[in-house]
Amino acid sequence: MTSANLAAVQADAGRPPRDWVLIGLWLSLIVVAAIWIAPFVFIVFTSLKSTGQVMTTSAFAPPADPQFSNYASAWARGRFDTTFVNSVVITAIKVPLGLMISAMAAYALAKIPMRFGRLTLVLILFGTMIPFQVMLAPIFTLVNGFGLIDTYPGVILPYLAFGIPYQVFILHGFFRAIPHELSEAARIDGASHFTTFRRVFLPVSLPVLAALFILDFVATWNEFAMALVLLQDREMWTLPLGLSAFQGQFSRDYGQLNAAIVMTVLPATLVYLIFQRYFVSGLTSGAVKG
Amino acid sequence: MAARAIGSNMRIQALLLLGPALVIYVVFAVFPMLDVIWLSFFKWNGLDPVKVYVGASNYVDVFTKDPVFWVAFRNTMIWTALSVVIPPMIGLGLALGLNQPIFGRNTLRAIYYLPVIIAPIAVATMWRWMYDPFFGLFGQILTSLGLQSWVMDWLGNRDIALYSAFGAYVWQSVGFSMVLFLAGLQGVNRSLVEAARIDGAGRWSIFRYVTLPALRTTLTIVLVLAIINSLKAFDIVYGLTGGGPAQSTQMLALWAFTQSMQIFDFGRGSAISVVLLGVTLAVVIPYMRWTQKREETTE
Amino acid sequence: MTLISVASRAAFAGGLLLAGTCLSAAEDLTIWTLNFSSEASNDAFTKIAADFEAANPGVKVNVVTRGVDDHKTAIRVAAGTDKGPDIYFMWAGLGLGGEYVKAGLSLPLDKYYAEYKWDDELVPAAASFSRIYEGGRHGVPFTFKGEALYYNKALFEKAGIAGTPANYDELVADAEKLKAAGIPAITFGGTVNWHVMRLMDVILEAKCGADTHDALMNMKVDWTKEACAADSFAELDKWAKNYILSPFMGIDQAQSFNLFVAGRAAMMLEGDWLVQQLAEVVDLNGYDLFLFPTGTNRLYGFAEYNYVSTKSKNPDLAAKFLDYFNSTDVQQSVLGAFSTTSINKHVAYDNQRPLEKKWLDIFNTYDKVYMNGDQAFPLDVTTEYFRVINEVASGNMTPVDAAAAMQTFIGNKS
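Chains as they are written, first to last, in my numbering: chain A, 29 to 318; chain U, 20 to 318; chain C, 547 to 960.
Calculated directly from the structure, the hints in this document are not laboratory data. Keep in mind that a hint or two might mislead.
List of simulated lysine to aspartate or glutamate pairs, DMTMM-like, C-alpha gap at most 20 Å [stated by the list, open to error]:
| id | chain 1 | residue 1 | chain 2 | residue 2 |
| --- | --- | --- | --- | --- |
| 1 | C | Lys857 | U | Asp67 |
| 2 | C | Lys663 | C | Asp869 |
| 3 | C | Lys959 | U | Asp80 |
Quantities reported herein were computed from a predicted structural model and do not represent experimental measurements.
Start from the sequences and build out the full structure, keeping to the hints where you can.
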């Protein structure tokens with residue numbers, strides 16, 4: 029009874045003056061956040077220490093004499109100039125191209141009646157569920173058969189193939205929700221599907237495309253397993269491959285290893301912090317509502 | 020006649036729009052999937068010019084003679100079971116907390132989600148260093164708390180290595196479940212919550228009878244995604260333990276890779292892949308049928 | 547025939563056509579080797595190729611370098627076609643190198659060994675690997691590495707150890723003394739499987755003797771019937787429980803090196819390359835080395851080789867290049883680029899550190915070698931060998947079971 033009264037009072041007052049449950053909740057959220065962020069602090073601190081300091085100082089002691097040279101050395105020894113450029117080239121080609129062809133396909137499947145349209149859609153959606161990790165060996169033999177091992181197309185084409193299902197899935201749901209009147213108006217004016225797609229659908233789906241763009245950027249930037257198989261020449265390595273090799277070769281230089289981690293992680297982190305809102309909307313637009 | 024021309028024109032347009040995606044998808048995703056099944060019936064080391072058809076013997080070898088396969092199978096099952104329970108539970112807890120009007124919720128959300136966007140191989144490298152038994156983070160924290168005896172060889176002790184690796188996975192994947200739940204919580208009817216509160220329902224009752232039922236769809240999606248993602252566990256285990264010590268943290272995906280691409284036994288590696296594929300399909304097909312049904316009812 | 551192989555054949559046919567158009571009248575020599583992590587190695591290789599071209603007008607040398615995994619894969623791919631190199635790099639041993647020999651990719655070189663009298667030029671231990679294959683001598687040495695026990699003099703002194711052990715039992719007694727003094731005897735990194743494996747290799751050599759050890763590694767005898775196999779696993783178990791700096795299964799070899807130079811353990815089982823690594827971080831006077839006392843009078847080590855391909859259109863030219871490559875003058879000029887010591891025994895060294903001098907003497911003394919397990923076994927057996935060793939080292943498998951597991955796996959192969 030009392031709690032009901034209290035609730036009623038609170039409802040009247042608008043906001044409760046002091047809600048101990050909320051405060052407790054807030055504190056526990058802060059604790060979890062501290063745990064969540066601790067690894068980053070530890071990594072950044074270690075990246076600025078010399079090997080001797082790592083062995084003698086405490087983990088959370090800020091570096092007394094920051095060794096920024098760790099970054100320069102790790103950059104050179106980890107061949108970050110090469111791996112960075114490769115990652116940028118692959119991502120810059122794959123992400124826009126993938127979105128383009130996925131959007132086109134999603135439009136066709138959503139708005140053009142086709143005999144095997146539904147079957148095609150199911151076939152493509154099936155791909156969202158299949159772990160490509162099981163096919164590493166045949167992908168390798170296939171790409172090798174085309175003579176594309178250690179080339180940009182050799183890794184971009186499979187990336188495209190495994191990015192298509194999820195993007196088509198989300199965009200198809202989005203396009204279908206666009207009212208018929210909108211596209212029909214354009215169609216009656218005699219516009220082709222290409223024009224309708226470009227003039228009507230692309231503009232209204234910009235927010236979704238932006239979200240997919242960022243999600244796909246992160247996924248492509250971070251991809252490891254397929255790159256491991258398809259890019260064997262170290263001149264073609266991407267950042268994740270470079271980091272993995274760096275750990276194998278120079279793991280006794282603790283400071284440099286951690287500097288290498290920071291440099292690998294930083295670009296994606298910056299992109300995330302800048303475009304934060306799109307991450308959330310992108311994840312939710314398709315997966316939950318679609 | 021005009022209608023016919025429009026019809027064929029339409030078909031060409033559809034083909035042009037759908038074509039690029041479909042061709043790439045079929046060649047580089049569907050075809051390798053069929054090829055892995057095909058390869059699993061052959062003996063091939065990558066050196067010999069011919070592949071020898073051996074029937075089901077790769078499967079027999081994998082099931083009966085491979086000392087690691089069942090370890091990998093068991094680990095994959097454990098990993099999947101854990102990832103269905105732990106990250107979604109923590110994620111749900113965080114989402115419920117962040118759904119309250121509390122100070123700094125956007126910052127907190129950003130922090131929880133941050134690990135999700137980091138490359139799994141970088142997560143592995145970070146955690147491997149934190150697990151270092153001599154200079155790592157966990158060792159140091161426990162030592163400073165006077166708990167030296169609790170310091171363990173996190174990644175070298177076969178009894179705990181798998182769970183140490185899973186710890187890194189939890190850290191990385193909780194944010195993902197959290198965001199999905201947060202989105203789902205937007206769909207909870209606020210007036211219903213208010214009404215329940217005015218009726219005198221406690222926090223737990225509101226959660227149990229109002230919030231949770233509204234989250235049913237989200238819950239299913241989170242769980243299915245958790246299963247699918249966990250079956251793919253590759254990068255984190257590769258980077259943290261490489262399957263060791265003594266293959267005790269081996270996983271199906273990684274073991275298939277090892278057999279095919281490091282030992283160059285393509286047949287056996289493919290057979291392991293097909294087993295993983297089968298397990299995935301056993302989970303995925305019921306889910307796809309369910310979503311299809313749901314779609315049909317909402318249409 | 548799968549679609550893939552059709553596709554790959556078509557691709558290869560295309561590639562051959564392209565290759566055909568750029569074929570010149572001059573003699574071509576294609577060499578596939580590693581993209582070495584040291585730039586000095588890569589530069590030296592390029593320089594030797596250029597010099598050879600200059601000395602032999604009309605000859606064109608193509609050096610193709612790749613990463614380790616890519617290189618292995620590329621040779622596999624080339625083996626199924628007519629394409630491929632005249633000379634290829636590969637480790638020596640029945641495992642890695644032997645697989646390609648078995649597949650018929652390596653040309654026996656007995657004729658050239660006789661013609662060029664290579665045995666008069668080469669360090670005996672390094673050349674010994676060419677004799678381990680069936681059907682003739684295969685490949686010529688590129689580098690050779692020996693492995694021995696490095697020790698921290700101060701820690702040995704602290705434990706009251708004078709002199710180096712003459713046999714395996716004395717070594718164990720020394721380890722026991724170190725333990726009594728509170729010093730872990732040796733350090734290994736368990737995450738890289740090949741590190742702890744070295745201990746198992748040398749124990750097998752000590753316990754089984756040369757012939758039985760070789761027979762075990764060649765999978766010619768039953769691991770369960772040779773009692774020394776289980777005995778060796780029992781010794782490994784003893785080392786893991788008592789003498790190895792613990793924990794070791796969760797760290798890698800580089801970390802164990804850090805612990806060694808930090809004085810946390812007294813010994814390390816490492817190759818001749820460690821002298822240079824130690825010199826970069828500590829005063830070498832505090833360290834010395836001795837061979838793991840096995841009593842078999844063989845050196846523990848492995849070699850990297852260059853093999854002539856059976857697909858080569860001009861094996862005579864390939865042999866001529868290898869002769870030039872390993873000649874005293876050339877080796878003298880690139881000394882230190884590939885390895886601290888040359889595989890040519892006439893090369894002169896100056897300004898040598900005492901430990902390097904010691905290695906040189908060792909190399910010139912021993913003409914018989916036993917090699918690392920991962921070079922000796924085929925790849926799948928190596929993987930199992932690693933697993934069994936790690937199981938024993940982490941106290942999870944009894945020595946008898948370990949021998950049985952090895953035999954079961956080997957038996958299942960055939």
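Taking the hints in turn, this is what the structure says about them:
1. Distance hint between Lys857/C and Asp67/U is fulfilled; the C-alpha atoms sit about 15 Å from each other, no more than 20 Å.
2. Between the alpha carbons of Lys663/C and Asp869/C the distance comes to roughly 9 Å, so the proposed pair stays at or under 20 Å and holds.
3. Annotation: proposed proximity of Lys959/C to Asp80/U holds, straight-line Cα distance about 10 Å (limit 20 Å).
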